[in-house]
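Number of protein chains: 2
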Amino acid sequence: MTMPKRDTYTPDSLLTVAVQVFNERGYDGTSMEHLSKAAGISKSSIYHHVRGKEELLRRAIARALDHLFAILDEPEAVNGRAVDRLEHVTRRTAEVLMAELPYVTLLLRVHGNTDTERWALARRREFDQQVAALLKQAAAEGDLRADVDVRLATRLLFGMINSIVEWYRPERGTLAAREEVAEAVAKMAFAGLRV
Amino acid sequence: MTMPKRDTYTPDSLLTVAVQVFNERGYDGTSMEHLSKAAGISKSSIYHHVRGKEELLRRAIARALDHLFAILDEPEAVNGRAVDRLEHVTRRTAEVLMAELPYVTLLLRVHGNTDTERWALARRREFDQQVAALLKQAAAEGDLRADVDVRLATRLLFGMINSIVEWYRPERGTLAAREEVAEAVAKMAFAGLRV
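From first to last, the protein sequence lines stand for chains R and U. Be aware that the first sequence starts at 1, since it is given in full-length UniProt numbering, and climbs by one per residue. Be aware that the second sequence starts at 1, since it is given in full-length UniProt numbering, and climbs by one per residue.
Treat the hints as calculated values from the structure; they're not laboratory data. Every value quoted in this text rests on a predicted model; they were computed, and no experiment measured them. Watch out, some of these pointers could steer you wrong.
Pairs involving identical chains hold if they fit within one copy or between any two copies, as the list cannot separate such chains.
Stated by the list, open to error - For lysine to aspartate or glutamate, the following EDC-like pairs were computed, each having C-alpha atoms within a straight-line distance of at most 16 Å:
(1) K43 - D128
(2) K53 - D12
(3) K43 - E117
(4) K43 - E55
(5) K43 - D143
(6) K187 - D149
So that you can see chain R by itself, here it is in the shape it has in the complex (with noise of 0.2 Å):
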């Protein structure tokens, strides 16, 4: 048996362990024994900190919406043409999917099981609607091609960029090399490939 380590955790702390079990294990399969475990505390100290693992979940998730959401607000995004701001909102929700990897990586893989989950899934839906809303905007300005349907591009623009998390890996993810990613996807997306 192992001495359990002193609890010197923060909230930021503890969460970043707990959001590393849940996607290594998925939320469902993760217990507060396999947290306790992984952070080398025992669940009483884990209580000391949070409720249980659902407070857990609903604070990762909470933190990267917050930083999607912070998006819709920044200048580019807000002014401007509708096909600039979709531009800057496209290449930002990329940075943060990296910059916020775990944290993204959670609320996509979330299915809807508590009320957590359920939350977290209307919010993600109120942000894509609020991007399809700007596409849709773009269109009638003018300035998106009008042989894509609007809803199919949203899906698309956004299965491109949470393609990320499949392959990208942080412990390389200088911001240098997270802004030529975003940079690749805002090309791709809205100029193409084809010179």
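For this one, chain R is given, so just place chain U on it according to the hints.
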């Protein structure tokens, strides 16, 4: 207790059932018991058709791979400038993904825990590499933008195509609907959304 169904399965119809169960429960989480229940025939009846669940996985994956690799032999994938061949392969890969949705979904979710899964991953990598080689050639011919890394572009291209499995519903999937989605992917990736 319900009466077991008379075993009227063909290899193909049994595969259809197995693939559905694999996609619902995950391959690792599927037992012969689950397959027997879903098919409505006894385990020994299933063993009459196949040696075990790994053979069903291999057949299902082989079906997806055969369809995907066949694309690379189509005249439009062989003749002409690399960029046009690449655009054809992109469109057709999206179409095959939708037409063979359960089989390709299974292929995309394989982990690499068994010999069959490792073989599937290796073949999938081979397909990706052949597409990456086309991208490289198109870049060398000056038809692709030079400011997006070829490896990154390959990943984003597959990311966009593969994301279709997340939302595409085959029951609404007429040939025309599939062609519209595939066209949208090709247009977005090669010409971009911006007018």
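Hint check results:
{"no.": "1", "hint": "K43 - D128", "verdict": "neither (37 Å within a copy, 45 Å between copies)"}
{"no.": "2", "hint": "K53 - D12", "verdict": "within (14 Å within a copy, 44 Å between copies)"}
{"no.": "3", "hint": "K43 - E117", "verdict": "neither (23 Å within a copy, 37 Å between copies)"}
{"no.": "4", "hint": "K43 - E55", "verdict": "within (14 Å within a copy, 43 Å between copies)"}
{"no.": "5", "hint": "K43 - D143", "verdict": "neither (55 Å within a copy, 59 Å between copies)"}
{"no.": "6", "hint": "K187 - D149", "verdict": "between (19 Å within a copy, 11 Å between copies)"}
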